[in-house]
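Participant: Residues per chain are reported as follows:
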Amino acid sequence: MSNVNISKLKAIVGDNNVIDSPSEMAKYLKGQGKPAVVVLPGNTSEVSNIVKLANEQNVKIAVGGAGVGTKGLSGGIAMVMSRMNRILEMDHLNLVAYVEPGLLHKEFLLKVGEAGLNFPPEPYEVETSSIGGCFSIGDSDSKSFEYGPTRTFLLGFEMVLPTGEILEIGNKCIKNVSGLDFIHFAVGSQGTFGIFTKLLVKLLPAQEAKRAVIGTFTSIHKANATFNTLIKRNIQPTRMNLLNASLAQNAIPGTEGQLVIIDLQGFKESGKNIANEIAAVLTLGGGTDVKIIEDEVEYDQVVNGWLKVRADLNGKPERTVEFLVGPAKMPQALTQLEALTGDLGTYPGVVVEGLLGYVCLALPEGTDKLALAAKVNRLAMSLGGNVKGLLGHKLKSEAYNDAEMWQQTVGLLQELRQQFDPKGILSPGVSLEA
Amino acid sequence: MLSQTVVNRLKEIVGEKNVVTDKVGLLTYGYDGTLLSGEALGVVSPHTTEEVVEIVKLMNEHNIKLVPRGAGTNESGGTIPTQDSVVISFTKMTKIHEIDTENFVAVVEPGVINFDLQVELEKQNCYFPPDPSSYKASTIGGNVGECSGGPKCFKYGVTRDYILGLEVVLPNGKVIQTGGRNFQSEPAYDLTRIIVGAEGTLGLVTKVFVRIIPLPRAKKTMLAIYDKVEDASQTVADIVAAGIIPTTLELMDNLLINTTEDFSHAGLPRDAGAVLIIEVDGYPEDMDPQVKTISEICNKIAKEFKIAQSAAEVDQIWTSRRCAFGSVARVRPSYGVNDITVPRSNFPKAIQGVLKVAKEYGVTIGVVAHAGDGNLHPLVLFDQRNKEEVETVHAAEKALCMMALDLDGTVSGEHGIGLVKKKYLDSEFTPAAMGAFRKIKRSFDPSNRFNPGKVFEL
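Listed in order, the protein sequences are those of chains B and W.
Taking the UniProt record's numbering, the leading residue of the first sequence gets 1, the next gets one more, and so forth.
Taking the UniProt record's numbering, the leading residue of the second sequence gets 1, the next gets one more, and so forth.
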């Protein structure tokens with residue numbers, strides 16, 4: 001039984017924006033949990049009132065842009081932000097925008113593009129990701145070497161805290177070190193500190209020139225080796241990505257072999273020369289079908305193909321292992337990895353983001369993820385890297401045999417969460433224990 | 001005063017020479033770049049993380065507070081010992097553990113001087129973009145503490161954007177590592193980001209993983225001279241509108257032009273209202289078109305525009321800017337540095353605001369600014385021996401901060417809050433935001449032992 005008072009919710013957001021029939025709810029929900037109700041607030045004060053109500057009745061809330069993860073949410077409230085989807089302001093002079101969290105990432109990219117501006121973070125999921133989700137997850141992506149990770153693009157926000165209180169912070173200044181940096185600390189907190197209700201986003205001028213160089217390789221190692229050649233030649237493109245054969249066809253249908261995608265944004269005058277140099281490096285490195293793409297439509301197809309592959313992998317975190325080593329260590333990492341995975345070329349999925357030294361493995365059916373992650377972490381650590389994120393910290397502490405560091409870290413994370421959300425209302429599906 | 005037991009124990013931990021308790025010694029650690037000063041119970045200079053841990057544990061046993069300190073160049077009072085506290089000086093932790101240019105990371109101890117790191121990096125064709133004007137003296141640990149900026153922020157951002165990870169001694173004496181050698185190693189929450197800029201109130205940083213990047217292949221430096229400051233502001237807006245992101249857009253007003261000329265004889269016209277130093281970097285092929293666009297923009301409105309043709313000319317242009325702060329001492333013996341920041345579009349209004357404050361309070365104010373960032377350094381000139389004048393200056397500085405907040409800005413773009421700007425925080429932040437800061441501080445340091453009373457009161 002749930003404590004949720006449906007009629008009070010309806011009084012806050014209106015009858016039409018409260019959905020409690022299971023069949024209607026289903027299209028907003030992801031996962032096995034059974035929340036009591038889906039609610040779609042239309043503004044900040046509605047969000048705040050819902051959270052206050054949840055506090056009174058001790059009900060949990062999870063939030064999503066278009067869909068809400070239901071882990072740990074049984075009997076709780078699934079809050080869908082899709083009605084709060086406006087661009088409130090696009091400020092060309094200061095290169096910033098105020099947006100609501102439910103705005104779809106892809107819609108925002110469209111509007112930003114039309115305005116002659118650039119918002120670099122890649123959508124986590126191409127069709128359904130929202131801007132609120134973008135900062136709530138707060139990832140890095142394959143463009144982060146050039147532009148910085150997602151957090152770089154948040155200058156402020158309005159947030160409803162787990163108590164229902166409304167917090168506003170930040171301003172349009174691109175330099176701001178006042179107070180503690182709660183602005184960037186909130187990025188990646190996955191809704192545990194509060195619910196974003198408005199975001200002040202930093203933008204850049206649009207890149208006037210865009211080019212891609214692609215090529216295919218029979219060997220994943222040869223493909224990766226070209227990245228090291230490029231770095232040694234002091235070339236840092238916008239993206240430098242490698243997809244193994246299994247994923248390559250999902251990015252560009254018909255591709256055979258390991259696919260290298262190199263993206264050059266900006267480089268207005270220099271781009272032609274750099275593209276030629278990259279193409280030569282790929283060809284000399286054993287690449288076939290090496291191609292410089294300047295046509296806008298074809299360029300977009302390549303980038304969208306990449307984003308689709310990335311989104312597929314993001315969609316199944318329980319079936320992937322992600323790790324990082326420095327870019328220069330990648331050849332060794334891939335070679336050593338094959339002792340654990342077998343031939344990487346035919347593995348269900350391998351992505352290398354060459355500039356970041358990042359690898360994502362899509363695991364075969366039946367793989368014990370945690371066991372593999374522990375082995376991968378040892379391998380990565382021997383090359384100065386680690387498995388990504390919280391899991392990586394746990395594995396690192398285990399490898400150091402340093403239980404104290406892990407306890408301290410987890411203790412600190414939980415204390416922070418507890419300080420913000422003493423009753424444990426928000427984001428029950430987010431675990432800080434790995 | 002520290003008990004002899006504590007002093008002896010400190011000496012055991014760090015060695016006899018690395019503990020200071022005499023009056024004269026304490027005095028030298030009692031000030032920073034501001035007018036403030038304080039006296040610590042003692043100063044201790046550890047060499048290793050283990051020593052830091054021992055010191056923290058000892059201080060906890062005796063309920064003594066700790067104030068971390070690098071070179072003490074900060075402009076906010078962040079390293080001033082207040083309350084009964086021991087200063088922990090990181091100037092003995094100066095090892096560069098590793099420079100790994102192929103993997104774009106360097107690992108350093110907090111006491112490494114920014115400039116010393118830059119020199120080593122440059123040998124390998126790399127650099128660490130944050131370069132506060134104090135970079136010849138200030139430490140990386142201090143840069144992390146204050147989240148320092150510098151002239152290159154418009155394109156490259158501030159210190160937080162170049163810190164990949166930290167080793168941190170927490171107030172309970174335990175050591176954690178945040179982040180790592182790459183972007184994606186934070187443990188769920190971005191602990192690195194909250195520690196950067198926290199001015200040592202959350203933890204003591206004992207190791208820093210910094211992001212380094214290759215030196216740009218090419219760079220072009222330009223100088224534009226204007227009759228009026230407003231014209232320079234217009235150039236900044238026009239350059240941004242043209243889709244160009246320069247590394248640098250540095251502005252100096254007439255007063256600074258004259259004081260720097262007295263010192264450097266760089267040949268700036270003394271009757272000019274403002275100069276703007278503009279720098280772009282990138283691939284050689286991309287320089288000329290950008291320079292062309294910028295020169296068209298500048299020539300429309302500037303009284304004079306030139307492109308540096310040689311390294312010597314670049315140096316000549318920068319000499320004026322680099323000596324700006326010191327040069328005002330020729331006019332008056334003391335100056336107060338502010339680092340108010342406003343949205344770029346409000347920059348002209350902020351300049352007018354500074355003039356208004358100068359007039360209303362009858363004080364002399366020169367302006368150096370990172371104009372692209374909307375970050376102004378109004379230098380308020382005075383004589384600190386004149387108590388009455390000092391009062392007026394404080395009032396004027398308050399007015400400058402309030403003016404920035406009225407223009408939707410912030411009281412600090414790159415210097416931090418420390419003690420000096422703490423009193424304005426309630427004007428800048430809502431009670432909910434202040435509450436969030438306190439929740440964070442309580443999570444790290446419930447007993448308020450690290451740099452107590454800085455930034456805000458717990």
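Derived by calculation from the structure, the hints in this document are not laboratory data.
Note that this is a predicted model, so its numbers are computed, not measured.
From the three backbone atoms N, C-alpha and C, an ideal C-beta is built for every residue, glycine too.
Some clues are possibly wrong.
[To be verified] Some chain W residues judged to face chain B by a derived CB distance under 7 Å, without partners named:
hint, residue
1, G25
2, Q124
3, C126
4, Y127
5, P129
6, G173
7, A188
8, K228
9, E230
10, T341
[Stated by the list, open to error] Straight-line alpha carbon distances no greater than 27 Å define the calculated DSSO-like cross-link-like pairs of lysine-lysine that follow:
hint, chain 1, residue 1, chain 2, residue 2
11, B, K210, W, K292
12, W, K95, B, K202
13, W, K439, B, K210
14, B, K268, W, K57
15, B, K375, B, K222
16, W, K219, B, K232
17, B, K106, W, K155
18, B, K111, W, K155
19, B, K210, W, K359
20, W, K356, B, K268
21, B, K423, W, K439
22, W, K152, B, K202
23, B, K268, W, K300
24, W, K219, W, K95
25, W, K92, W, K155
26, B, K272, W, K303
27, B, K268, W, K207
28, W, K155, W, K136
29, B, K8, B, K111
30, W, K23, B, K268
31, W, K219, B, K202
32, B, K210, W, K95
33, W, K155, B, K52
34, W, K95, B, K198
35, B, K232, W, K155
36, W, K300, B, K272
37, B, K232, W, K152
38, W, K174, B, K202
39, B, K232, W, K123
40, W, K219, B, K268
Participant: Now look at each hint and say whether the structure bears it out.
Facilitator: Status of each hint after checking the structure:
At about 31 Å, the closest approach between the beta carbon of W:G25 and any beta carbon in chain B exceeds 7 Å, and the interface hint on this residue is violated. For the restraint placing W:Q124 at the interface with chain B, the shortest Cβ-Cβ distance is roughly 12 Å, beyond the 7 Å limit, so the hint is violated. With a cut of 7 Å, the hint placing W:C126 at the interface with chain B is violated, because the nearest CB-to-CB distance is about 10 Å. Annotation: interface hint on W:Y127 violated; nearest CB of chain B at approximately 13 Å, more than 7 Å.
Interface restraint check: W:P129 against chain B, minimum CB-CB distance 11 Å, threshold 7 Å, status violated. With its C-beta approaching chain B no nearer than about 10 Å, W:G173 sits outside the 7 Å limit, and its interface hint is violated. For the restraint placing W:A188 at the interface with chain B, the shortest Cβ-Cβ distance is roughly 4 Å, inside the 7 Å limit, so the hint holds. The beta carbon of W:K228 is not positioned within 7 Å of any beta carbon in chain B (closest approach about 20 Å), and the interface hint is therefore violated.
The restraint placing W:E230 at the interface with chain B is violated, with a minimum CB-CB distance near 15 Å, outside the 7 Å limit. The closest approach between the C-beta of W:T341 and any C-beta of chain B is roughly 5 Å, which is under the 7 Å cut-off, so the hint is satisfied. Restraint check for B:K210 and W:K292: the C-alpha separation of about 21 Å stays at or below 27 Å, so the hint holds. A hinted pair counts as satisfied when its Cα atoms are at most 27 Å apart, and W:K95 with B:K202 does not qualify at roughly 36 Å.
Under the criterion of a C-alpha separation no larger than 27 Å, the hint pairing W:K439 with B:K210 is inconsistent with the structure, at around 45 Å. For the hint linking B:K268 to W:K57, the alpha-carbon distance of about 57 Å lies beyond 27 Å, and the restraint is violated. Of the pairs offered as hints, the one joining B:K375 and B:K222 holds, with about 24 Å between alpha carbons and a cut-off of 27 Å not exceeded. At most 27 Å may separate the alpha-carbon atoms for a hinted pair to count; W:K219 and B:K232 meet this at roughly 21 Å.
At most 27 Å may separate the alpha-carbon atoms for a hinted pair to count; B:K106 and W:K155 meet this at roughly 26 Å. A distance of roughly 23 Å separates the Cα atoms of B:K111 and W:K155; the hinted pair therefore holds under the 27 Å criterion. Between B:K210 and W:K359 the CA atoms are separated by roughly 51 Å; this puts the pair beyond 27 Å, and the hint is violated. Pair hint W:K356 plus B:K268 does not hold up; C-alpha atoms about 43 Å apart against a cutoff of 27 Å.
As the CA atoms of B:K423 and W:K439 are separated by approximately 15 Å, the hinted pair is consistent with the 27 Å bound. A threshold of 27 Å between alpha carbons decides the hint, and for W:K152 with B:K202 the separation of about 17 Å falls inside it, so the pair holds. Note on B:K268 and W:K300: the hinted pairing holds, with a Cα-Cα distance of about 24 Å set against a maximum of 27 Å. With a C-alpha separation of about 31 Å, the suggested pairing of W:K219 with W:K95 is violated against the 27 Å cut-off.
Distance restraint check for W:K92 and W:K155: the Cα-Cα separation of roughly 33 Å exceeds the 27 Å cut-off, and the hinted pair is therefore not satisfied. Between the alpha carbons of B:K272 and W:K303 the distance comes to roughly 37 Å, so the proposed pair goes past 27 Å and is violated. The straight-line distance between the Cα atoms of B:K268 and W:K207 is roughly 39 Å, outside the 27 Å bound, and the hint therefore fails. Only pairs whose Cα atoms come within 27 Å are accepted, and W:K155 paired with W:K136 is accepted, the gap being roughly 22 Å.
For the given pair, B:K8 sits about 36 Å from B:K111 by alpha-carbon distance, which is inconsistent with the 27 Å threshold. Distance check on the hinted pair: W:K23 and B:K268 sit about 62 Å apart at the alpha-carbon level, beyond 27 Å; violated. For the hint linking W:K219 to B:K202, the alpha-carbon distance of about 25 Å falls within 27 Å, and the restraint holds. At most 27 Å may separate the alpha-carbon atoms for a hinted pair to count; B:K210 and W:K95 exceed this at roughly 42 Å.
Simply put, W:K155 and B:K52 have alpha-carbon atoms about 42 Å apart, too far for the 27 Å limit, and the pair is violated. Our distance criterion of 27 Å between C-alpha atoms is broken by W:K95 and B:K198, whose separation comes to about 44 Å. Only pairs whose Cα atoms come within 27 Å are accepted, and B:K232 paired with W:K155 is accepted, the gap being roughly 24 Å. Proposed proximity of W:K300 and B:K272 is contradicted: the alpha carbons are some 32 Å apart, above 27 Å.
Between B:K232 and W:K152, the direct Cα distance comes to roughly 25 Å. Compliance with the 27 Å bound is thereby established for this hinted pair. A hinted pair counts as satisfied when its Cα atoms are at most 27 Å apart, and W:K174 with B:K202 does not qualify at roughly 37 Å. With a C-alpha separation of about 16 Å, the suggested pairing of B:K232 with W:K123 holds against the 27 Å cut-off. Note on W:K219 and B:K268: the hinted pairing holds, with a Cα-Cα distance of about 16 Å set against a maximum of 27 Å.
In terms of the numbered hints stated before, the structure departs from hints 1, 2, 3, 4, 5, 6, 8, 9, 12, 13, 14, 19, 20, 24, 25, 26, 27, 29, 30, 32, 33, 34, 36 and 38, listed from lowest to highest.
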